[in-house]
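So in this note's numbering, spot 100 of the sequence shown is number 100, and the numbers just go up one at a time.
Simulated from the structure, these hints should not be mistaken for laboratory data.
Check before you lean on any hint, since a few could be wrong.
Simulated crosslink set (DSSO-like; lysine-lysine; CA at most 27 angstroms straight-line) [said to hold, decoys possible]:
hint, residue 1, residue 2
1, K303, K37
2, K89, K136
3, K37, K121
4, K250, K221
5, K37, K22
6, K121, K22
7, K298, K37
The calculated label-pair distances, taken between Cβ atoms and stated as ranges, are [to be verified]:
hint, residue 1, residue 2, range
8, S234, F189, 19 to 29 angstroms
9, R174, G47, 21 to 31 angstroms
10, K136, S176, 25 to 35 angstroms
All residues carry an ideal CB built from backbone N, CA and C; glycine is no exception.
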Amino acid sequence: MPFALSAEGFRVATLHAELTRKGPGLLLRDIERGEDKQIDALQAVVGSVQSDILLLTKVDFDLEQRTARALRDALGYPHMFTLAPNSMKLTALDLDGDGRVGDRQAWARYAGEGAMLLLSKHPIELRFHLNDLLWKDMSNPQMPSDGFLSAAAVADLKVVTQGFWVLDVHPAGRASMTLVAFQNQTPVFDGPEDLNGLRNRAQLRLLSDAIDGTYGDFPAKRFVLIGNSNLDPSRGEGDRTAMRALLSDKRLKDAAPRSIAGGDTTAQWDNPVPMRVSYILPSVDWLIERAEVFWPNKGPLRKAAEQASRHRLVWMDLMPALE
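Could you build the full structure based on these sequences and the hints that come with them?
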């Protein structure tokens with residue numbers, strides 16, 4: 001069991017929760033029924049870790065935020081933040097080069113599939129988000145070449161697929177912390193044009209650009225990057241050098257959290273190669289007291305971790321450095 005954290009610190013956690021169903025509204029139905037084994041397992045995992053801040057990625061979204069509120073209440077958090085993912089945004093264009101028009105800004109089986117949800121014990125305030133940033137408007141955008149995308153698609157395609165938020169968390173009586181919450185495009189399931197791989201790399205670069213202050217006011221200290229990059233620095237497909245470059249950014253600390261059962265693995269699919277794809281990267285001024293991947297070696301909590309998602313929850317205890 002994780003130890004209790006000092007009142008001055010923050011326990012921060014993220015999980016690629018895979019809280020999607022076969023259609024809209026079904027996740028809300030399952031939460032409200034109170035008989036869903038995945039939700040029960042998630043409650044056990046979250047209840048064990050007891051983080052102050054929890055970012056869930058790949059969670060179904062509805063415009064009334066009923067699903068988000070139900071999940072917040074089920075997991076015992078007073079505060080939440082969510083925005084519509086770009087899988088909600090339908091276009092009249094062919095955005096993936098398959099010759100069929102009517103694509104969403106992010107692939108999904110239905111509108112709202114796979115959003116992000118931030119839960120917190122402290123109030124949350126949005127600084128800015130980059131969900132509407134056009135890919136072509138990035139510096140050196142590196143989109144697919146040779147006319148793979150039409151001029152209309154290039155003019156309309158957003159770089160963010162699900163979400164990219166910069167938020168402040170305000171604990172009572174203490175200084176705020178800034179979070180960069182993100183969920184990146186998978187770099188696979190495309191062709192030689194490398195559309196998904198290039199988009200994943202562009203989304204990684206957004207993280208560096210954001211802390212540079214390129215897109216809005218950003219603090220020099222007390223910030224944390226948190227989310228799912230869909231990219232391992234040494235295994236699998238995608239631009240692994242881009243992931244390694246982010247991890248070696250001198251403004252960040254990489255504690256490389258590990259579990260008893262799976263090393264640095266945060267995802268265990270049917271693919272025989274385990275991956276590290278979920279990250280918590282604090283700024284260098286934080287003191288990291290403990291960092292782990294929640295995957296117990298045995299017992300009911302191991303079963304709960306594996307039943308909650310094919311991914312594992314990553315958590316970290318952060319303390320402000322002495323001035």
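Q. Can you list which hints this structure breaks, lowest number first?
A. Per hint list: single violation, 6.
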